[in-house]
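Quick note, the sequences are listed as chains R and Z, same order. Here the working numbering = 1-based position in the first sequence + 1. Here the working numbering = 1-based position in the second sequence + 18.
Treat the hints with care, since some could be wrong.
[To be verified] Heads up, simulated DSS-like pairs for lysine-lysine below, C-alpha to C-alpha not over 27 Å straight-line:
#1 R:Lys187 / Z:Lys140
#2 R:Lys20 / R:Lys100
#3 Z:Lys78 / R:Lys109
#4 R:Lys98 / Z:Lys80
#5 Z:Lys77 / R:Lys185
#6 Z:Lys80 / Z:Lys123
#7 R:Lys187 / Z:Lys78
#8 Z:Lys156 / Z:Lys123
#9 Z:Lys123 / R:Lys98
#10 Z:Lys27 / Z:Lys140
[Unchecked claim] Derived Cβ-Cβ restraints for the label pairs, each shown as a range:
#11 R:Asn85 / Z:Glu92: 18 to 28 Å
#12 Z:Glu70 / R:Ser13: 21 to 31 Å
#13 Z:Val55 / R:Lys109: 42 to 52 Å
#14 R:Asn111 / Z:Lys78: 16 to 26 Å
#15 Z:Leu125 / R:Asn81: 30 to 40 Å
[What the hints assert, rightly or not] Which residues of chain R face chain Z? A partial, calculated answer using Cβ under 7 Å:
#16 Lys20
#17 Glu48
#18 Ile101
#19 Thr186
None of these hints come from the bench; they were simulated from the model. Note that the Cβ used here is the ideal one computed from N, Cα and C, for glycine as well.
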Amino acid sequence: MIDDNLEYLMSSLPDLVFKYEGEERKKVFALLHHYAGEPNPPKGLVEILDEEAAKFLTESEIVLFKKISLVNIYREEFRNSKWNLLSQFAKFDFSLKEKIRQLRIARKENKSGSAGNENDFIISGNPLEEELQILQYQWDAVEEFAVNHFTDIDALVAYKIKLMILLRWWSFDADQGFDIFSDKTKVLEYGR
Amino acid sequence: MADKILMNKNTLAALKVELKEYRESLPIFEMKEQQLVGIVRTLEKDITRLDEAIFDANKKIKSWVAVMSEQGIELSDIVDVDQVISEQKEVVGVTVREFKSIEFKELAIDLLTSPLWVDAAKEAITDQVIRRTTVDYKKKEIALLEEELAEARRMKNALKEVFIPEAIEFIRKIEIYLGDVERLAIGCAKLVKKKKMRKKQAV
Numbered sequence: 002m003i004d005d006n007l008e009y010l011m012s013s014l015p016d017l018v019f020k021y022e023g024e025e026r027k028k029v030f031a032l033l034h035h036y037a038g039e040p041n042p043p044k045g046l047v048e049i050l051d052e053e054a055a056k057f058l059t060e061s062e063i064v065l066f067k068k069i070s071l072v073n074i075y076r077e078e079f080r081n082s083k084w085n086l087l088s089q090f091a092k093f094d095f096s097l098k099e100k101i102r103q104l105r106i107a108r109k110e111n112k113s114g115s116a117g118n119e120n121d122f123i124i125s126g127n128p129l130e131e132e133l134q135i136l137q138y139q140w141d142a143v144e145e146f147a148v149n150h151f152t153d154i155d156a157l158v159a160y161k162i163k164l165m166i167l168l169r170w171w172s173f174d175a176d177q178g179f180d181i182f183s184d185k186t187k188v189l190e191y192g193r
Numbered sequence: 019m020a021d022k023i024l025m026n027k028n029t030l031a032a033l034k035v036e037l038k039e040y041r042e043s044l045p046i047f048e049m050k051e052q053q054l055v056g057i058v059r060t061l062e063k064d065i066t067r068l069d070e071a072i073f074d075a076n077k078k079i080k081s082w083v084a085v086m087s088e089q090g091i092e093l094s095d096i097v098d099v100d101q102v103i104s105e106q107k108e109v110v111g112v113t114v115r116e117f118k119s120i121e122f123k124e125l126a127i128d129l130l131t132s133p134l135w136v137d138a139a140k141e142a143i144t145d146q147v148i149r150r151t152t153v154d155y156k157k158k159e160i161a162l163l164e165e166e167l168a169e170a171r172r173m174k175n176a177l178k179e180v181f182i183p184e185a186i187e188f189i190r191k192i193e194i195y196l197g198d199v200e201r202l203a204i205g206c207a208k209l210v211k212k213k214k215m216r217k218k219q220a221v
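Sequences are here, hints too, so could you generate the full structure?
Dropping the structure here:
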């Protein structure tokens, strides 16, 4: 029953592609805003997805589904989840975060940090390039875990994770970032 | 001033003392001017070098600064200034504040949950804040030194163009006057002596 409902939902959601181009973004935003019933809704795309998904999930499933975010998905509660894909991705993300943590420690201690070390899953580029690599690893992992899942809860979870990955990438804005940097580095009060 | 000056030996002596003092002061102000010019030039070069470094850093960071717009990351939680350390010092008689360092707050960054870019951002922000603050302090130092330089130049020019020439002129006038007075006195004395001698001869 749930699968039938999810089939309807999954088939009507916009396809997600790991791209930064404006056209791709516009398509995703437009379709999801269509779900919200207005062209520029005040809520974010993830919230819109949560609300749509809530129509087809049980109460407890809604609670868990809404909790999923890129920031916390590595946590134990998700690693131990009964939803296979969620559990797989949470374990993957935890492992990825741990590798990144080791890389950061090594860099601080000046031991390594460039390509070819034990952490060679990340090539040393500028910070933006590194973040894009991380997003790519996450995307590739979720795609792999989502193989043969099309209309079940795992497919829905995979969709949400992919949406969050794209939204994180699309949130990187050079002008805004530079304004923030300039503000943070402005001259301090004389004599402070 | 020339109208009011008293044409006597006391005035002459005082003027000579003044002239001596002016002549002794002039090289002091000239040296002060040279020192201040040198220091200001050095500071200006430092500022140019730092401005170039700031520009280069801004240019370099533009390739990845987009990450700093990520939602949910507050840069103040990553790097925040505690205090600026500066030291008062005397530079050619001017009290200035010299920038020493900046103390940043010890903020714990969770290496597991915070994004990777945060480490590079912290370093970039820290370095740029130090550069900009250094430039600001140096600019303020230049402002103070330039005030003193202007004063030193005013004094030097006043001595060179006004006080010393004036004193020399007054001394010259008084010496001429006193010389004339003396010659007149000598002339008169000779005349009186001649008259006395003629009287004696007549008798």
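Checked hints:
| no. | hint | in the structure |
| --- | --- | --- |
| 1 | R:Lys187 / Z:Lys140 | 14 Å, holds |
| 2 | R:Lys20 / R:Lys100 | 25 Å, holds |
| 3 | Z:Lys78 / R:Lys109 | 21 Å, holds |
| 4 | R:Lys98 / Z:Lys80 | 26 Å, holds |
| 5 | Z:Lys77 / R:Lys185 | 16 Å, holds |
| 6 | Z:Lys80 / Z:Lys123 | 26 Å, holds |
| 7 | R:Lys187 / Z:Lys78 | 17 Å, holds |
| 8 | Z:Lys156 / Z:Lys123 | 24 Å, holds |
| 9 | Z:Lys123 / R:Lys98 | 26 Å, holds |
| 10 | Z:Lys27 / Z:Lys140 | 77 Å, violated |
| 11 | R:Asn85 / Z:Glu92: 18 to 28 Å | 35 Å, violated |
| 12 | Z:Glu70 / R:Ser13: 21 to 31 Å | 56 Å, violated |
| 13 | Z:Val55 / R:Lys109: 42 to 52 Å | 45 Å, holds |
| 14 | R:Asn111 / Z:Lys78: 16 to 26 Å | 20 Å, holds |
| 15 | Z:Leu125 / R:Asn81: 30 to 40 Å | 32 Å, holds |
| 16 | Lys20 | 16 Å, violated |
| 17 | Glu48 | 13 Å, violated |
| 18 | Ile101 | 6 Å, holds |
| 19 | Thr186 | 4 Å, holds |
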